[in-house]
Amino acid sequence: MAKTQTPSKLELELKELVMQTRAGDKAAYALLLKTVVPLARRGAMTHLSRFNRASYAEDVTQDVLLAIHLKMHTYDASMPFLAWLNVVLKHKAIDFLRRNKVALTSLDDFEFWEPANEDNPEQTVIERDVKSLLGRLKPPAGDIIRDMKIDGYSLKELSTKYNMSESNIKVIVHRGLQKLADEMQKETAA
Amino acid sequence: MTINTNDLVNIIAAQEPARRPMSLYIAAFGLAVLCAILTIQILGVRPDWPMPFSGLVKTLFLGAAAAISGYMLHRQSKPLAPPINVLPLLLSVPFLFMVYLGYEWMDFNQSQIAAQFPWANFFSCVKHTFIYGAAGIVALTFLMRQFAPANATAAAQWIGLCAAFTGGLGYSLHCPFDSPTFIVFAYGLPVLALILAARFTVPYFIKW
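So the protein sequences, as listed, match chains A and B.
Using numbering that gives the first Met the number 0, read the first sequence as starting at 0 and increasing by one per residue.
Using numbering that gives the first Met the number 0, read the second sequence as starting at 0 and increasing by one per residue.
Derived from the structure by calculation, the hints contain no laboratory data.
One should not assume that every hint holds.
Simulated coverage check for chain B against chain A, where a stretch passes if three residues somewhere in it have a Cβ under 8 Å from a Cβ of chain A [what the hints assert, rightly or not]: (1) 71–79; (2) 142–154.
Derived DSS-like pairs (lysine-lysine); straight-line CA-CA distance at most 27 Å [as the list claims (entries may be wrong)]: (3) B:K126 / A:K33; (4) A:K148 / A:K14; (5) A:K100 / B:K206.
Keep in mind that this is a model prediction, so the values were computed, not measured.
Backbone N, C-alpha and C define an ideal beta-carbon position, used for all residues, glycine too.
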C-alpha cells in the first residue's frame, strides 16, 4: 500500500494554532496571525510582481489578515490550512488587481504559491525549479505529482479529485517522475 | 496604506475571530419549512389531502432537489471544500425524474397529459414558486455575505436554485397537479428564472 504524504511541519503548526484559536486561545490566535504575515507577504509579492504591482504587497497582506479574521470559520479542518490560505490570498490579490483595473488574462494564470521552507531556504529554490519541470509534463501528470509531492494529497484524495483509480494515479506519478529524471539527465549531459 | 501591518495584527488578535454563522444547509431547510407553513396558512393544503402517491412522489423529487442544492450551496460557501465527486449526486435527481417523465409519456397519450395541465393552476404555481424563491434568494444572499465563496457567480446560481426548489417544495403542498410534464413547466420555469435572476444580481452582494 502506498504511503500517504505527511503534512509539512509548518502545516501541522498552523493547523494546531487554528484549532487552539477555535477553542478560544487568544495567544494562539496572535501567534497564528504573526506566523501568517510573512507567508502572505511573500505570496502577495509573487502574485503582484507579475503585474508590476509588488509595491502593494503590504495592502494585500493586510486584506488577507482581515479575511482570516472574518472568514476563518469557513476553513474546513479536514483540508490543509495552507491550501485554504492560498485560496484566500489568491482571491484577495485578484480583487486588488481588479479594483486597480489591472487586466488579468486568465485566473488560471495564477499559479499556486507555496510558502518558503523557513528551516531550509534552499528548499524554496528547489521547489521553484520542480514546479517549472512539472510544467513540462502532459496534463494532468504535472498537477497530480505536484498535488501528491508538494501539497501532500493522499492517493485516495487524488483518485477522487481526478476521477481515476488509485493504481492509475500511481502509474501516472511513476511515469511522470521517470520522465522528469530523464529530462534532468539530458540537461546535465548537455 | 495607513496602518502598519504589525499594528493591524495586534488589533485583530485582541478580538476573537468572527463566529460561525448559521449553516446555509440549515437555512435552506428553514426556508422550506417556512414556505410550507405559509402555504398551509394562506393558501391551504391541496383539496385531495392527504396527498395521493403521485403527490408524494412530486414532493420527494422537489425535496431531494432542495436538499442537494442546499448541500451544494454549503460547499460553495467556503474558499476550499473537500474534493468530493459530486457528479453522481447532481445527476441522480434529474435522471430519475427523466425516467418518471418518460414513464408518463409512454403510459398516457397527449390529450390525457394535456388534461393534467390546467392553465389557471399553471400560472398560480409559477407565480407562487417565483415569489417564495425570490424571498428565499434575498434571505440566502444575506446569509452568504458572512461566508467566503471562492466563486461568487457559482454561489449565486446555487442560491437561486436552492431558493427556487425550497419555494416550490413549500407550494407543492397546495398544488394538486402531479403530472411530471406539469412539474417540468410549472416548477421548471420559475426555477430557471430564479437561477438567472440570482446569477446576474447576487454576485455583487456576496463578494468578500
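> Which hints from the list above does the structure break, by number from lowest to highest?
Replying inline: 3
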